[in-house]
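Colleague: Chains as they are written, first to last, in this note's numbering: chain A, 638 to 767; chain B, 13 to 432.
There could be a bad hint or two in this list.
Below are the DSS-like pairs computed for lysine-lysine, each with C-alpha atoms no more than 25 Å apart in a straight line [stated by the list, open to error]:
#1 A:LYS680 <-> A:LYS651
#2 A:LYS724 <-> A:LYS746
#3 A:LYS704 <-> A:LYS724
#4 A:LYS683 <-> A:LYS651
#5 A:LYS680 <-> B:LYS178
#6 A:LYS724 <-> B:LYS178
To be clear, the hints were calculated from the coordinates, so they are not data collected in a lab.
What follows is the residue order along each chain.
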Amino acid sequence: MSSRPSHLEFDPMKFVVLIYSNPTTWAEMPAAERDRALGVHFKLIKELTESGEMIRVDGLNDPMATKTIRTQGGVPVVTDGPYGEAKEFLAGVWAIDVESMDRALEIAKPVAEYDTVEVRALMDLGGMEM
Amino acid sequence: VTAESTVEGLLRELAPQVLAALTRRFGTFETAEDAVQEALLAAATQWPEQGIPESPRGWLITVGSRRLTDQLRSDLARARRETAAAALLPPIELVAPAADEDLPSDEDDTLTLLFLCCHPALSPASQVALTLRAVGGLTTAQIAQAFFVPEATMAQRISRAKQSIKAAGARFGMPPEHERAERLAVVLHVLYLIFNEGYTTSSGTELQDQELTSEAIRIARDLHRLLPDEGEVSGLLALMLLTDARRPARTTADGSLVPLAEQDRALWHADAIQEGVALITDTLSRAQLGPYQLQAAIAAVHDEAARAEDTDWRQIVVLYELLARIAPNPMVTLNQAVAVAMVDGPRAGLDVLATLDEDDRIAGHHRLDAVRAHLLEMAGDIAGAGERYRAAARRTTSIPERRYLESRAARLGDGGGVDR
């Protein structure tokens, strides 16, 4: 009988998939191509929701509507608008619960067609004494 | 004991029996499973107030049957509207329940359900979720809470699991004899995952943490009762008992992890240790050896030492050698390295660890760094140990582990961590 005494191969983890977009790229894209590319996202979201791997999907409003807070001289100062010279902005956040980092990357790859995608593990409260 | 907890215990026990009865009667596991869940929820709200009915199982079967009948009626009505061939469908009365149908033994049912929920077509996460609901009688909300995901996500996972079972053509019955051993191994693995999830998690509320470990132990006990001669079933149950016995000592009040060597052994559950030791001793004397039995034997050696320094590390080294031979795995090698270091010194342990450097399955894993740090610290390489502790702290995704590893690194900085 083949038992698997370690949970190495099954290390379920939660990740966020952070999608950084360049608004110009998307604005200048032909409508048909934009529809196709977004269709890839929507299809993926539907599949992940149905498989029970998707925890949450959020799209972020345009960077123009961003407020930035920085503490200056001990006082929080609110300024309008996006950050510095950046060309890419955080545009979407997905939270997923999957079997491994490999699975998370498999999910995130198609999303990176026109965007930069970061995959980051969430910290959890579980732990093994050593 | 409150009325709610009495009812909850009863419902957990009855859940697989009722589900099996409805599945047999109506022939569809997926819909029966939903109906049972609804019946359980109804009972959980009604019984504590109105009292437990004379035949709780009969009550649940009746309520579940009614839901299923309603469901089938509406499906049938839709089918009639949609196709003229509907006239050929059997009238609903043919599948409606008889009031006092004879049931096969509950034992067979639990086993059959376990095999079905742990069907190899499902992902481990789905096997775990479905087992907890169908065999454990937990609600979707409880399972979602235990795994820190929204209820909708867990509901989706369970529904997908049931679709996969259907698509795989699995039937409500025992797997064929030639598949039995392999299928049992999957069931044991799922119970192990449920236990581990509960054991390693600290959500802050002890009650919630214990839910999964108690559930895994309860199902393992059932399984052991049904299959007393399966050595690995006994081994897994013993492993769970011997591990869970240490739970009160493994964290401090603020949630910090306490390593085995520093645990207050007076806090360990003596009853569970006694039961686990007796079980594994008996099993080793008569069953074919397996990985869960060996892990239980190792846990027993730890649990039997009155003080950390009394631990029989030589015996542990021998047990790990056996385990590495029958179930080689980088996690086993990691633990083996620690045991070897305790007997032959830290350099010998580091030599064992070196065999893992080229192993893709564990390269970059924080546990490898953590063990190496520990052995370097034993060897007096303070700089090397600090570096590895900090690397491990960065790599783990566990908040308590990170805190522990950072504190080890900090302790080295004070020059106080060399001898323990």
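Colleague: All hints, please: hold or fail.
Modeller: Going through the hints against the structure:
{"no.": "1", "hint": "A:LYS680 <-> A:LYS651", "in the structure": "holds, 21 Å"}
{"no.": "2", "hint": "A:LYS724 <-> A:LYS746", "in the structure": "holds, 21 Å"}
{"no.": "3", "hint": "A:LYS704 <-> A:LYS724", "in the structure": "holds, 17 Å"}
{"no.": "4", "hint": "A:LYS683 <-> A:LYS651", "in the structure": "holds, 18 Å"}
{"no.": "5", "hint": "A:LYS680 <-> B:LYS178", "in the structure": "holds, 24 Å"}
{"no.": "6", "hint": "A:LYS724 <-> B:LYS178", "in the structure": "violated, 49 Å"}
In summary, the one numbered hint that this structure violates is 6.
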